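**Student:** From just these sequences and the hints, can you work out the full model?
Sequences listed follow chains P and Y, in order. Heads up: the first sequence runs through residues 6 to 321, numbered per our numbering. Heads up: the second sequence runs through residues 18 to 449, numbered per our numbering.
Hints are computed from structural coordinates only; laboratory data are not their basis. Treat the hints with care, as some may be off.
[Unchecked claim] Straight line, CA to CA, 16 Å or less: simulated EDC-like cross-link-like pairs of lysine to aspartate or glutamate:
1. K57/P <-> D93/Y
2. K104/P <-> D267/P
3. K261/Y <-> E306/P
[Stated by the list, open to error] Short, incomplete list of chain Y residues facing chain P, as computed with Cβ under 7 Å:
4. R60
5. I74
6. T77
7. Q84
8. G292
9. I294
10. I406
11. M408
[Said to hold, decoys possible] These stretches of chain Y come out as covered by chain P in the derived footprint (C-beta under 8 Å, 3 or more residues):
12. 248 to 262
13. 274 to 280
14. 382 to 395
15. 422 to 430
Keep in mind it's a predicted model, so treat the numbers as computed, not measured. From the three backbone atoms N, C-alpha and C, an ideal C-beta is built for every residue, glycine too.
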Amino acid sequence: MAVPTYATPLERVWHYAYLVICGLIFFFLIAPIVVIIPLSFNAEPYFTFTDKMRSFDPDGYSMRWYRSLLTFGMQNPDASGWAFWSDAWANAKWVQAAKNSIIIGVASTIVATVLGTLAALGLSRPEMPFRRAIMAILISPMIVPLIITATGMFFFYSNPCELLGIVGLPTNCGRLAGTYLGVILAHATLGIPFVIITVTATLVGFDQSLNRAAASLGANPRTTFFRVTMPLILPGVISGALFAFVTSFDEVVAVLFIAGPDQQTIPRQMWNGIREQISPAILAVATLLVIFSIALLTTVELLRRRSERIRGVTPH
Amino acid sequence: MANALDPHAAITTTASGLTDGALRTADGKPLARALARSQSLARRRAFLLVLPLLAFILITFVIPIGQMLQRSFYNDGFSANMPQISAWFAENPRGTEPDEAAWAALAADLTASAEARTIGVVGTRINYDVPGTRSLFTSTGRQVRRGIEPPYQAALTEINQDWASPRLWSAMREASTPMTANFYLAAVDRKRAEDGSIQQVEPRQQVYVMLFMRTFWLSLLITGITFVLGFPIAHLLATLPMRKSNLLMILVLLPFWTSLLVRTTSWMVLLQQQGVINDILVWLGVIGGGQRLQMIYNQTGTIIAMTHILLPFMILPLYSVMRTINPSYVRAARSLGATSWTAFRRVYFPQTLPGLGAGALLVFILAVGYYITPALVGGSSGQLISNMIAMHMTDTLNWSMAAALAALLLAAVLLLYWVYDRMVGIDNLKLG
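**Tutor:** Put into structure tokens, the structure is as follows:
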């Protein structure tokens, strides 16, 4: 956007002032994320740039906080070679947290994506009854404050069969709280709205006559779905799945309420670290997570462009 | 068979049925009925696709929340474990002095409850209304298990003088029925006096109304700030050529995709008294080394961090609406003699209102229920109502109180959600 030729001098001044203001707001958005990256290489246990760091003295920088991520919780951090790595894999707290985050994230993403995609297909059909009300219910886990959801789940998951008592069935069928299954189901619930939103958005431009064409050429509904519908909506499904994964990967409130000591995830471990003794090790984790989110963002952007290309929606 | 049910097949074959006046399909069924059947089948098919997820959400989300809310008005911790004294309360109206029958019922219930090891539950229930009474119940329970002789009034008051307290008896009467509105009264800083009337709690204990007000006020403020910061950015992104705006969009989307805890942590690092921003201010000479600003662990910290976290939720809906505004309208206004300010105010701004409404509602809904960020950077003055719910869940274990607060918060959020659906439509919710 350039200044129009008929602009008055005052308008020109305002235009440049406006660009400066926008620059400052962009700075506000991005600076807090960028600043933790150099700070995570601090050689001192401080959260500020030391004199040595400011003069770019290599002694001011170190990898000690990244190393501490591995050694925290290890039985013998002084070992070397194979013994060090196998110890880290088996005992290091952050490594355990990463494993848990990935297990829970992947499993809940699969549940959310399969159920969410099926529902989005149904919701996008013009014949769907009570469309608006059902959509409102399915999106609500995103809107209801997490603390309320987590509180409800806390009671429900500690005795999931309590309500069966009303119809006279046994009310004791074990606990979901403190199990992987419980956390996975909770995170799937929280991820579902994102899958619904992205997949229904993809289906808005979907040409139903393609399905009919496939059927008229003799394909059964299954073949039609996997050979015609699925390839077209796949970008939407994948970006929905990524949203669901990030939701689980970043979620801490439900974990606080329903996870046991065996299901500590990365955000849970960060929460502990921040509340107890915050050390630059947290910044090292944060830096790794920022790199991870850059990778995710890139994937989603590429998918979005691919989806627009496939569906013939050109960016305007 | 499948062909007969397909409406398109039915329409193309109607010609064969024209002989008797009624439209018929190829296999001789009346068209209207065939169509109705095929449509109801299509409806059922669509619904069956949604059904698994709907059942899943109902079981893992709607029912748990309903069950939790039930606790806000239903608490049988006292009535279920103290049946005899509860029956006495039911028979005798409020204001009746407890007679020996009442004391006997109380002693019998205390003994039975102590035997069944439920005395702690009973004490906890009364403790919500009269703080400090849980130990009265548990210690008395231990004593009565060893045996208690009539007259019970004398025996119990000898164990502990507090048993004669009218406030305690009033609280037990309240708890003797499982259904109660007391937790909602407490959530709006009211309580039931000994004579049953509703009155305000002492000013020192009036916390909840203040917290609700603070939550709404801070959310409103944060929504306002995100609007002021988000509007120029969205406008810039919408008017720049696609290539440049896509590049700048990354600066908006990266925070959006970055972990909430990471963003909160970086604000903790930046805003600390020994942190980067204070260092820069001291270095610039704006403030002296001894007067570093307290920008975190208070409301300021909550406002700054939440504004940063919620800003993308304002920018994205504004951007998607601004993208569709035709620039020639503003040019037309200018050519008709409007100043740039008038053209903006009268022509451009009104067209951005749908995006503004969507963004503002979304930010406000998310802000009202925020928990993590206030808990980490809010100190005591930056806590919101969510933090109070969490405190009752994990620290004071007053779950009914947590449920009552949650119910009020949920009602507010659902109302806003309904408005959002009316104004914007949930279908128009877009991500990234």
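**Student:** Report the numbers of all earlier hints that the structure fails to satisfy, in ascending order.
**Tutor:** Numbers 1, 9 and 11, in rising order.
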